[in-house]
Amino acid sequence: MSALHSTFMQLALAEARAALRVGEVPVGAVVVSAQGEVLARAYNLRETETDPTAHAEILAMREAGRRLGNWRLSGATLYVTLEPCPMCAAAIVLARVQRVVFAAQDPRLGAAGSRLQLFAELAGDWPVDVIGGVLEEEASTLLKDFFAGRR
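For the sequence shown, my numbering begins at 1 and goes up steadily by one.
Treat the hints as calculated values from the structure; they're not laboratory data.
The C-beta atom is built at its ideal place from N, Cα and C for all residues, glycine as well.
Any given hint could be a false lead.
What the hints assert, rightly or not - Calculated pairs, SDA-like style, for lysine to any residue (alpha carbon to alpha carbon, straight line, at most 25 angstroms):
1. Lys-144 - Arg-17
2. Lys-144 - Thr-7
3. Lys-144 - Leu-109
4. Lys-144 - Gly-75
5. Lys-144 - Leu-20
6. Lys-144 - Glu-49
7. Lys-144 - Ala-120
8. Lys-144 - Arg-115
9. Lys-144 - Pro-52
10. Lys-144 - Trp-71
11. Lys-144 - Gln-105
12. Lys-144 - Ser-114
13. Lys-144 - Ile-131
14. Lys-144 - Arg-108
15. Lys-144 - Pro-86
16. Lys-144 - Leu-68
17. Lys-144 - Gln-10
18. Lys-144 - Arg-67
19. Lys-144 - Gly-124
Stated by the list, open to error - Simulated DEER-style distance windows between Cβ atoms:
20. Gln-10 - Arg-67: 19 to 27 angstroms
21. Leu-94 - Arg-150: 31 to 39 angstroms
22. Glu-47 - Ser-74: 16 to 24 angstroms
Produce the complete structure using the sequences and hints provided.
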């Protein structure tokens with residue numbers, strides 16, 4: 001695992017902890033340009049915004065697009081603490097994100113290999129490189145602790 005991936009995943013984990021503080025499922029995301037600049041950070045806000053699409057990945061990509069003045073995030077890497085779901089995977093492909101780096105697998109809804117292989121199936125003209133398991137234990141612990149507290 002590259003030190004660079006760990007560094008940016010730490011930023012995504014900080015976002016996940018921010019989500020936890022406001023009672024959201026602790027998932028965080030960071031969009032990084034091809035030049036290594038952080039374009040956007042976000043965390044889940046589904047409960048806060050009463051919006052089923054307010055996943056960390058979607059919110060981070062929206063902000064990155066606004067910042068760039070372009071919905072195409074070509075060359076960007078998206079770091080996220082949980083494997084993207086099908087909705088987010090499709091949005092990632094449509095946004096032309098080059099790479100997704102995720103921490104914890106999602107056996108229930110994961111679209112990067114745990115449940116589905118949507119990145120492989122949707123790639124077409126815009127293939128997405130996928131790297132999983134970066135700081136997986138830390139992200140998994142955050143999620144497990146959150147859901148254990150809800151039971």
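Status of each hint after checking the structure:
Among the hinted pairs, Lys-144 with Arg-17 is consistent with the structure: their alpha-carbon atoms are about 13 angstroms apart, no more than 25 angstroms. Of the pairs offered as hints, the one joining Lys-144 and Thr-7 holds, with about 22 angstroms between alpha carbons and a cut-off of 25 angstroms not exceeded. Between the alpha carbons of Lys-144 and Leu-109 the distance comes to roughly 16 angstroms, so the proposed pair stays at or under 25 angstroms and holds. Among the hinted pairs, Lys-144 with Gly-75 is inconsistent with the structure: their alpha-carbon atoms are about 33 angstroms apart, more than 25 angstroms.
Distance restraint check for Lys-144 and Leu-20: the Cα-Cα separation of roughly 12 angstroms lies within the 25 angstroms cut-off, and the hinted pair is therefore satisfied. Between Lys-144 and Glu-49 the alpha-carbon distance is near 23 angstroms, which keeps this suggested pair within the 25 angstroms criterion. With a C-alpha separation of about 28 angstroms, the suggested pairing of Lys-144 with Ala-120 is violated against the 25 angstroms cut-off. With a C-alpha separation of about 19 angstroms, the suggested pairing of Lys-144 with Arg-115 holds against the 25 angstroms cut-off.
The straight-line distance between the Cα atoms of Lys-144 and Pro-52 is roughly 21 angstroms, inside the 25 angstroms bound, and the hint therefore holds. Restraint check for Lys-144 and Trp-71: not satisfied, since their Cα atoms lie roughly 34 angstroms apart, outside the 25 angstroms limit. Annotation: proposed proximity of Lys-144 to Gln-105 holds, straight-line Cα distance about 12 angstroms (limit 25 angstroms). For the hint linking Lys-144 to Ser-114, the alpha-carbon distance of about 17 angstroms falls within 25 angstroms, and the restraint holds.
Taking the CA atoms of Lys-144 and Ile-131, the gap is near 22 angstroms; set against the 25 angstroms cutoff, the hint holds. Between Lys-144 and Arg-108, the direct Cα distance comes to roughly 14 angstroms. Compliance with the 25 angstroms bound is thereby established for this hinted pair. For the suggested pair Lys-144 and Pro-86, the alpha carbons sit about 21 angstroms apart, so the restraint of at most 25 angstroms is met. Proximity of Lys-144 to Leu-68 is assessed by CA-CA distance (about 35 angstroms); at most 25 angstroms being required, the pair is judged violated.
About 18 angstroms separates the Cα atoms of Lys-144 and Gln-10, which keeps this hinted pair within 25 angstroms; it holds. Pair hint Lys-144 plus Arg-67 does not hold up; C-alpha atoms about 33 angstroms apart against a cutoff of 25 angstroms. With a C-alpha separation of about 35 angstroms, the suggested pair Lys-144 and Gly-124 falls outside the 25 angstroms cut-off, and the hint is violated. Checked against the hint of 19 to 27 angstroms, the pair Gln-10 and Arg-67 passes, with Cβ atoms roughly 21 angstroms apart.
About 32 angstroms separates the C-beta atoms of Leu-94 and Arg-150, a value consistent with the hinted range of 31 to 39 angstroms. Between Glu-47 and Ser-74 the CB atoms are about 32 angstroms apart, so this pair departs from the stated range of 16 to 24 angstroms.
Violated hints, listed in ascending order, are 4, 7, 10, 16, 18, 19 and 22; each of the other numbered hints is respected by the structure.
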